[in-house]
Amino acid sequence: MRLSGNTVATPFLKTAQVVVVGTGPGGSTIAKRMAEAGRDVVMIDAGSYISAAEFSQREGEMMRKLYHEAGLRTTDDGSMAMLHGRVVGGSSVVNYLDCFRTPDRLLYDWVARFGLPELTPEKMRPRFEKIEDILHVRKLPVENLNLNNDKLRRGTEALGWAGDTFHRNAKDCYGSGFCDLGCSYNAKQSAAITFVPLATTSGATLLTDARVDRVITEAGRAIAVEGTLLDHARQPRGSFRIDADVIVVSGGAIHTPYLLLSSGVDDPSGHLGQNFWTHPGSPVCGWYPGERVANYEGIKQGYYISEFSDVLHGHPTGVLIEGIGAPPGITATIFPGLGWERQDMLRRYNEFSAAGLLLRDKVPGSIGVGKGRPSVRWSLAKEDAWRLKEATAHCAEAWLAAGASAVVTGHSRLTMIRSTKDLRKLDDVGWGPGEVALFCFHQMGTARMGHSPAVGAVSPTGRMWAYQNLYVADGSLFPTASGVNPQLTIYALSDVVADGILAET
Amino acid sequence: MALGAASAVLLVPTSLQAALPPPKARFGDADLDVIGALARVLYGPGADALSLRTSLPETLGFMDDSQQALLASLPSTFDLLSRALVPTVHPFVTLSEADQGAALEDWLQSRVGFRRQIGQALRQLVLSHCYTDEAVYTDIAYPGPWLGRHLLPVHPLRFGEPT
Chain A
1 MRLSGNTVAT
11 PFLKTAQVVV
21 VGTGPGGSTI
31 AKRMAEAGRD
41 VVMIDAGSYI
51 SAAEFSQREG
61 EMMRKLYHEA
71 GLRTTDDGSM
81 AMLHGRVVGG
91 SSVVNYLDCF
101 RTPDRLLYDW
111 VARFGLPELT
121 PEKMRPRFEK
131 IEDILHVRKL
141 PVENLNLNND
151 KLRRGTEALG
161 WAGDTFHRNA
171 KDCYGSGFCD
181 LGCSYNAKQS
191 AAITFVPLAT
201 TSGATLLTDA
211 RVDRVITEAG
221 RAIAVEGTLL
231 DHARQPRGSF
241 RIDADVIVVS
251 GGAIHTPYLL
261 LSSGVDDPSG
271 HLGQNFWTHP
281 GSPVCGWYPG
291 ERVANYEGIK
301 QGYYISEFSD
311 VLHGHPTGVL
321 IEGIGAPPGI
331 TATIFPGLGW
341 ERQDMLRRYN
351 EFSAAGLLLR
361 DKVPGSIGVG
371 KGRPSVRWSL
381 AKEDAWRLKE
391 ATAHCAEAWL
401 AAGASAVVTG
411 HSRLTMIRST
421 KDLRKLDDVG
431 WGPGEVALFC
441 FHQMGTARMG
451 HSPAVGAVSP
461 TGRMWAYQNL
471 YVADGSLFPT
481 ASGVNPQLTI
491 YALSDVVADG
501 ILAET
Chain B
1001 MALGAASAVL
1011 LVPTSLQAAL
1021 PPPKARFGDA
1031 DLDVIGALAR
1041 VLYGPGADAL
1051 SLRTSLPETL
1061 GFMDDSQQAL
1071 LASLPSTFDL
1081 LSRALVPTVH
1091 PFVTLSEADQ
1101 GAALEDWLQS
1111 RVGFRRQIGQ
1121 ALRQLVLSHC
1131 YTDEAVYTDI
1141 AYPGPWLGRH
1151 LLPVHPLRFG
1161 EPT
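Line by line, the protein sequences give chains A and B. Using the numbering used here, read the first sequence as starting at 1 and increasing by one per residue. Using the numbering used here, read the second sequence as starting at 1001 and increasing by one per residue.
Derived from the structure by calculation, the hints contain no laboratory data. These numbers were taken from a predicted model, which means no experiment stands behind them. Heads up, the beta-carbon is just placed ideally off N, CA and C, and yes, glycines get one too. Don't take each hint at face value.
Here are some chain B residues the structure puts well away from chain A; computed CB gaps all over 10 Å [unchecked claim]:
hint, residue
1, ALA1030
2, LEU1080
3, GLY1119
4, THR1132
5, HIS1150
Only pairs whose alpha carbons sit at most 25 Å apart, straight line, appear in this in silico DMTMM-like list of lysine to aspartate or glutamate [as the list claims (entries may be wrong)]:
hint, chain 1, residue 1, chain 2, residue 2
6, A, LYS171, B, GLU1161
7, A, LYS14, B, GLU1161
8, A, LYS371, B, GLU1105
9, A, LYS362, A, ASP172
10, A, LYS421, A, ASP384
11, A, LYS382, A, GLU307
12, A, LYS371, B, ASP1064
13, A, LYS371, B, ASP1106
14, A, LYS425, B, GLU1105
15, A, LYS130, B, ASP1064
16, A, LYS371, A, ASP76
17, A, LYS421, A, GLU383
18, A, LYS130, A, GLU118
19, A, LYS425, B, ASP1106
20, A, LYS382, A, ASP344
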């Protein structure tokens, strides 16, 4: 059953065996598993259910409708944009479909350092196989790369580096190039059209446009969630309360700790909200004068350089370099300059290739409770800035090897690299707040799993230590940054949590 | 889309907080005038033909209350702090375009962190809205949405709708 906060009677009161807050890869996995096990499930999302016909492919409109804070959320210091979905299906609706199984060396690290024996590659493999089947994950053939990604491939191969095409959760993709604004054709197999309907088919109730404001606890048990029903204009129109035997918070690594901390839950570990990993990234663009690259056309993210990944190849830089299509609104913020100078560069928009850096950060931030909003405390640490500079240089080398006349970085001062000799310019530009454009598409780690409160905010089954029936299932669970696009890991860890809930409650 | 943004207001040092405007939920005419002037400097010729006066307030409507107040305060914070820091400076909108450009560059490249970040937040807010305005697409040879250009069927859902 699907209900909307736009229309249900207020106050909306309900009871359930399991309530799941959030419908992204984490929450929808829990809802599906619980409903299939015969539990009475209600899943709640602050966002709306948006069908293919409503994805207009218009950047401004869809950013407002699909992203938290209309895509304007940043870290508290304003240095990095935090992009994540607020819609049924969560960030799986707006991601670029990249699917990596959690790398084996990372799983072994999590098993060893955090005491998580269920996460060995052998035990995780069947979970990945099951999830990939539902999501229709397939490797992208090289011949399907757009020109932007093919240039990245050619540059990578010319330099003799390791790289590959992505595995993607798509079926019959037309390559329209609007993945980040929702798929207008139902090709992207997001949680909204896979795990969520599989949950409702098994009897789960979906309540959309309803923001959970508080988890209510009593004597070591979570007993209910309370929140605000939202109207079509996203303004409050009433309240709701759902009492449940089990409560699972799956709001993502920013909203999950924010909700739990602002609800005053007991956290004996002290880890809740800590260990906030972000995969900070910065754009690096190649310039091919007179050639129509049109990085936004076709499959936007098709190829990645893995040569400098620590989790895939043990390289100390710890970065994936991923081809990316940049729509005009984002491109405009990357290029520096004023007035005519800027207009002139943007008129060459089609001549630029683009790649994003996915840095596996070593120094985490934290999530706290601000005035009515999450406080996102994160700044680029010197150690990570140094590695980001290395990664930028490697990406520039790849574009130059693919024939670029110049490479433009995301710095606030125009930084043009015309040859490998120019890479030294990266030593002279700033990497501090406001000096380089930083993006975060992946949020992780703020309720990390561990064998005891000494190392984890939640147990190996995702349970908050002080409660018998309060669980977390989303990217918050990651013990460390994954170093690869995280969606499959979120589904798989949530599947582990689902086993735990079924065994413990 | 827009980066930086509302949070930048939080960076203003306590010693300068007294110069800030009270929080508000909407852009006023004066704020939109500052935005318009910034757009002329940042975007350049043709900025007045863009729809920032409607698209920015629309964006604000999709934000939570606390963020709305921060974002709506950004233009007046920029303007008032400009004058608080350098009392000889006139309101931003009354400066010549050349002086506006110089003043904005001063913020963008400032060695003082909060000034640089507020400048960048405004720059990104304005530019992201300029370049999501479809009136710009022809100028940058961006074809825009596929819908309407390519008539392709929507695939049937493998697992049905959540009903």
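Quiz item: Taken at face value, is the distance from the CA of GLU383 of chain A to the CA of LYS421 of chain A at most 25 Å?
Solution: holds, 24 Å
Quiz item: Is the straight-line distance between the alpha-carbon of LYS171 of chain A and that of GLU1161 of chain B 25 Å or less?
Solution: holds, 17 Å
Quiz prompt | Restraint status (C-alpha distance of LYS371 of chain A to ASP1106 of chain B at most 25 Å) | solution = violated, 31 Å
Quiz prompt | ALA1030 of chain B and chain A, when compared Cβ to Cβ, separated by more than 10 Å | solution = Holds: least Cβ distance 21 Å, greater than 10 Å.
Practice problem: Compare the distance between the alpha carbons of LYS371 of chain A and GLU1105 of chain B with 25 Å, and conclude whether the hinted pair is satisfied. | Solution: violated, 31 Å
Quiz prompt | Minimum Cβ distance from LEU1080 of chain B to chain A greater than 10 Å, as the annotation requires | solution = LEU1080 of chain B is indeed farther than 10 Å from all Cβ atoms of chain A, at 18 Å.
Quiz item: For the pair supplied as a hint, LYS371 of chain A and ASP1064 of chain B, is the alpha-carbon distance within the 25 Å limit?
Solution: Since the Cα atoms of LYS371 of chain A and ASP1064 of chain B sit roughly 11 Å apart, the hinted pair holds (cutoff 25 Å).
Quiz item: Given the proposed pairing of LYS14 of chain A with GLU1161 of chain B, does the C-alpha separation stay at or below 25 Å?
Solution: holds, 23 Å
Quiz item: Is LYS130 of chain A within 25 Å of ASP1064 of chain B, Cα to Cα?
Solution: With Cα atoms ~37 Å apart, LYS130 of chain A and ASP1064 of chain B exceed 25 Å; violated.
Exercise. Could you grab the alpha-carbon distance between LYS382 of chain A and GLU307 of chain A and see if it respects the 25 Å cut-off?
Key: holds, 23 Å
Quiz prompt | Pair hint outcome, LYS425 of chain A versus GLU1105 of chain B [Cα-Cα no greater than 25 Å] | solution = holds, 21 Å
Practice problem: Could you check that no beta carbon of chain A comes within 10 Å of the beta carbon of THR1132 of chain B? | Solution: Since the minimum Cβ distance to chain A is about 4 Å, THR1132 of chain B lies within 10 Å and the statement is violated.
Comparing the model with each earlier hint shows violations of hints 3, 4, 5, 8, 9, 13, 15 and 20; every other hint is respected.
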